[in-house]
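Asks: So the sequences go chain by chain: A and B.
Just so we're aligned: the first sequence equals residues 1 to 417 in this note's numbering.
Just so we're aligned: the second sequence equals residues 1 to 417 in this note's numbering.
No lab work stands behind these hints: they were computed from the structure.
Please note that the accuracy of each hint is not assured.
For identical chains, the list gives no copy identity; a pair is met inside one copy or between any two copies.
Simulated crosslink set (DSSO-like; lysine-lysine; CA at most 30 Å straight-line) [what the hints assert, rightly or not]:
| no. | residue 1 | residue 2 |
| --- | --- | --- |
| 1 | K313 | K248 |
| 2 | K326 | K302 |
| 3 | K186 | K313 |
| 4 | K240 | K354 |
| 5 | K204 | K240 |
| 6 | K374 | K116 |
| 7 | K240 | K313 |
| 8 | K317 | K248 |
| 9 | K202 | K354 |
Number of protein chains: 2
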Amino acid sequence: MAQTIDSKRLYGALQELGDIGSYTDATTGLVGVNRLALTDSDRDGRRLVTGWFKEAGLSVSIDAIGNVYARRDGTDADAAPVMMGSHIDSVPTAGKFDGCLGVLGALEAVRTLNEKNITTKRPIVIAFFTDEEGCRFGTDMLGSAVATGRIPLDEAYAKCDRDGISVKSELERIGFLGEEPIGPLKPHAYLECHIEQGPLLKSKDLDLGVVTGVQAICWHELLIKGRSAHAGTTPMSFRKDAGVASAKINLRMREMTASGDYGPDMRATMGAIRPTPDMINVVPGTVTCTVDLRNPDDDAMKRQEEDLIAFYKEVEKEEGVSIEWKRAAQTPRIRFNESIQETISRSADDLGIKHERILSGAGHDAQEWSHLCKSAMIFVPGEYDGISHNPRELSTEKQCADGINTALTTLIALANE
Amino acid sequence: MAQTIDSKRLYGALQELGDIGSYTDATTGLVGVNRLALTDSDRDGRRLVTGWFKEAGLSVSIDAIGNVYARRDGTDADAAPVMMGSHIDSVPTAGKFDGCLGVLGALEAVRTLNEKNITTKRPIVIAFFTDEEGCRFGTDMLGSAVATGRIPLDEAYAKCDRDGISVKSELERIGFLGEEPIGPLKPHAYLECHIEQGPLLKSKDLDLGVVTGVQAICWHELLIKGRSAHAGTTPMSFRKDAGVASAKINLRMREMTASGDYGPDMRATMGAIRPTPDMINVVPGTVTCTVDLRNPDDDAMKRQEEDLIAFYKEVEKEEGVSIEWKRAAQTPRIRFNESIQETISRSADDLGIKHERILSGAGHDAQEWSHLCKSAMIFVPGEYDGISHNPRELSTEKQCADGINTALTTLIALANE
Numbered sequence: 001m002a003q004t005i006d007s008k009r010l011y012g013a014l015q016e017l018g019d020i021g022s023y024t025d026a027t028t029g030l031v032g033v034n035r036l037a038l039t040d041s042d043r044d045g046r047r048l049v050t051g052w053f054k055e056a057g058l059s060v061s062i063d064a065i066g067n068v069y070a071r072r073d074g075t076d077a078d079a080a081p082v083m084m085g086s087h088i089d090s091v092p093t094a095g096k097f098d099g100c101l102g103v104l105g106a107l108e109a110v111r112t113l114n115e116k117n118i119t120t121k122r123p124i125v126i127a128f129f130t131d132e133e134g135c136r137f138g139t140d141m142l143g144s145a146v147a148t149g150r151i152p153l154d155e156a157y158a159k160c161d162r163d164g165i166s167v168k169s170e171l172e173r174i175g176f177l178g179e180e181p182i183g184p185l186k187p188h189a190y191l192e193c194h195i196e197q198g199p200l201l202k203s204k205d206l207d208l209g210v211v212t213g214v215q216a217i218c219w220h221e222l223l224i225k226g227r228s229a230h231a232g233t234t235p236m237s238f239r240k241d242a243g244v245a246s247a248k249i250n251l252r253m254r255e256m257t258a259s260g261d262y263g264p265d266m267r268a269t270m271g272a273i274r275p276t277p278d279m280i281n282v283v284p285g286t287v288t289c290t291v292d293l294r295n296p297d298d299d300a301m302k303r304q305e306e307d308l309i310a311f312y313k314e315v316e317k318e319e320g321v322s323i324e325w326k327r328a329a330q331t332p333r334i335r336f337n338e339s340i341q342e343t344i345s346r347s348a349d350d351l352g353i354k355h356e357r358i359l360s361g362a363g364h365d366a367q368e369w370s371h372l373c374k375s376a377m378i379f380v381p382g383e384y385d386g387i388s389h390n391p392r393e394l395s396t397e398k399q400c401a402d403g404i405n406t407a408l409t410t411l412i413a414l415a416n417e
Numbered sequence: 001m002a003q004t005i006d007s008k009r010l011y012g013a014l015q016e017l018g019d020i021g022s023y024t025d026a027t028t029g030l031v032g033v034n035r036l037a038l039t040d041s042d043r044d045g046r047r048l049v050t051g052w053f054k055e056a057g058l059s060v061s062i063d064a065i066g067n068v069y070a071r072r073d074g075t076d077a078d079a080a081p082v083m084m085g086s087h088i089d090s091v092p093t094a095g096k097f098d099g100c101l102g103v104l105g106a107l108e109a110v111r112t113l114n115e116k117n118i119t120t121k122r123p124i125v126i127a128f129f130t131d132e133e134g135c136r137f138g139t140d141m142l143g144s145a146v147a148t149g150r151i152p153l154d155e156a157y158a159k160c161d162r163d164g165i166s167v168k169s170e171l172e173r174i175g176f177l178g179e180e181p182i183g184p185l186k187p188h189a190y191l192e193c194h195i196e197q198g199p200l201l202k203s204k205d206l207d208l209g210v211v212t213g214v215q216a217i218c219w220h221e222l223l224i225k226g227r228s229a230h231a232g233t234t235p236m237s238f239r240k241d242a243g244v245a246s247a248k249i250n251l252r253m254r255e256m257t258a259s260g261d262y263g264p265d266m267r268a269t270m271g272a273i274r275p276t277p278d279m280i281n282v283v284p285g286t287v288t289c290t291v292d293l294r295n296p297d298d299d300a301m302k303r304q305e306e307d308l309i310a311f312y313k314e315v316e317k318e319e320g321v322s323i324e325w326k327r328a329a330q331t332p333r334i335r336f337n338e339s340i341q342e343t344i345s346r347s348a349d350d351l352g353i354k355h356e357r358i359l360s361g362a363g364h365d366a367q368e369w370s371h372l373c374k375s376a377m378i379f380v381p382g383e384y385d386g387i388s389h390n391p392r393e394l395s396t397e398k399q400c401a402d403g404i405n406t407a408l409t410t411l412i413a414l415a416n417e
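If we strip away everything but chain A, and leave its shape as in the complex, we get (with noise of 0.2 Å):
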């Protein structure tokens, strides 16, 4: 029979956390986490569930760029350990559960095994890893880039935040430059369960998502050059207007997700729009903007991507204004490891919990450990169309425990491989 956990104890954990680095929105009365990666209340973060950590038994170390390891051993010595971990930095508008579920979920897991002495051949190996929202240092998934290897550590330790303030001045300061070496720590397979940050799950009515990978995702910082004018003394015809320019490419992008062309699951936003001056009566000289594509097909991301960029030629010719750009971010699709996909679903199914399988639409630390070590993700829905980073971000201790039930049936299977 499956195991479960103290669900109560897991949803009060995550409020716990969530109470540090709480604040009130001016607008909506509504109580929000700014828990920007390295400030205090990240500082703070940590050493609460750092603490929980050492008293569920653990074994904790801080490696060199932050990250936070606790061990609890296996019966074999020498055999790789099963990761289970996720973050707990937060976007400067979040709610309670992005990130912490996957840790607090971890250590739940692990209360259980300790409360009913179960033991596993591997060792298990809960962790938070360092910036994964890369909203303070301009990177995310940062501590997991670079434990995995894929951004040297003094990259990432020179990266500076609006103020200028080094990463690895922030991690001396806090007290988490940790002296595990980057490199050694190879896991047998790695885990994670995270809120689901879309509506797919709870508009189909499941429980539980089983993750197949991660989408590829391409962004663009555009600066369009045109000639800002007055609004009333200039004919249509002298115009060069770069908010014109920006509207073409944002309609272009809505036509190309709806047209098929690029799969049905093509998805394209224009998050950002500055234009200058930004006056009623004058017509935008320039505007900055941010294009960001994702398509679950990496054929179909590079076709969308070519076709988008020959539309900024077109737009040019047809404006008047020149368009520079520069790719901001580029991560081609993940696939997760197809056996813990099934060891998941079959977990989820002797839970009775209803699941299926979807694909991420953002980033997480599992697709770092992917190139490392055997990976997979585990998603929980939300409520209010999954809304996140924002302070009505929710999802029910129901929609917790059975995440992290399914979760803690699959890291037994996986801790005894």
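Following the hints, put chain B in place on chain A, whose structure we already have.
Replies: Below, chain B alone, put in the same frame as chain A:
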């Protein structure tokens, strides 16, 4: 034979006044002018010009809204004066010509009359008006609108800048809260020379424009409310993208101007666009943006506004957003006096100055005085496609001289009517 001014003296005065409030643009290295209404720089500019008025033998008075009048007597003490004026306040990123040409040109005209011992039947009054630009206290043509009765004095006094500082307190502080009451001053005619602030005259190789009137203006401020959402995890069908909604409105305005359905001279601009949260990977939840509509035909303006408002409703349905809008400004088409236009044309012909009729795309003090007395304007072309509200704003000494010489001949004619 037509009288002509000392164009070098005029151009020197423009440079000297332009040095007050000058700044160097950090990006371009160009020297611009920042002389916002009722600031210390505006006070210094007012003192300089008022001193010049007195040197020219004019009697200076200041009214209760800080408009400055400089009177040269005529031979008929009972005749209503001819007024020639404009403004010397500036936008924060101005050149040296906007407004100042009309004021210093009037001064140069009077200096010329003085030097040539030319008397006129009617008195001549040179005037500059408070906060024509409206950049500081939010209402353009403030001084002339008060002087001509459109805006009550108390309402104008109570207007505040971003720091909550009122018009009245600033008038007092800079010493320009005058004693002349509002109301009694009813000129025989009003004449204003101003830079075109657009490309038309120059593109037609003309030396001067006889202004037929001011096109109708309508401003909307929009608040588009959608739903912010994760750009990676939110399927296109779940989105309420306020940015896409604003882009649709922007391109619809473009289509409307190109359609010809609202006449050949409809102009439409979305100058300000501000999404929140304005992040690369978040679907914009709200956008505040602006609409600036112009048309020389009042009926066409009415139709274009109605059709655009109907389109807001379409966008609400298509995108699942709500669009709140308010009319931030609305002025009907202004028609300037026909007989003064003819006098201007004849004066320019006498001087061999190439001219055509032109409609003003921007608002000017003359539109306020046109409600009180017969009024007209002369436009001077500008280099660089008539760029204005910009340090590059430039009309040559010859262009300025053509405008003020034509004005002088017209002024003499009006003052002897």
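Asks: Hint by hint, which ones does this structure get wrong, listed from lowest number up?
Replies: Hint 3 is the one this structure does not satisfy, whereas the remaining hints hold.
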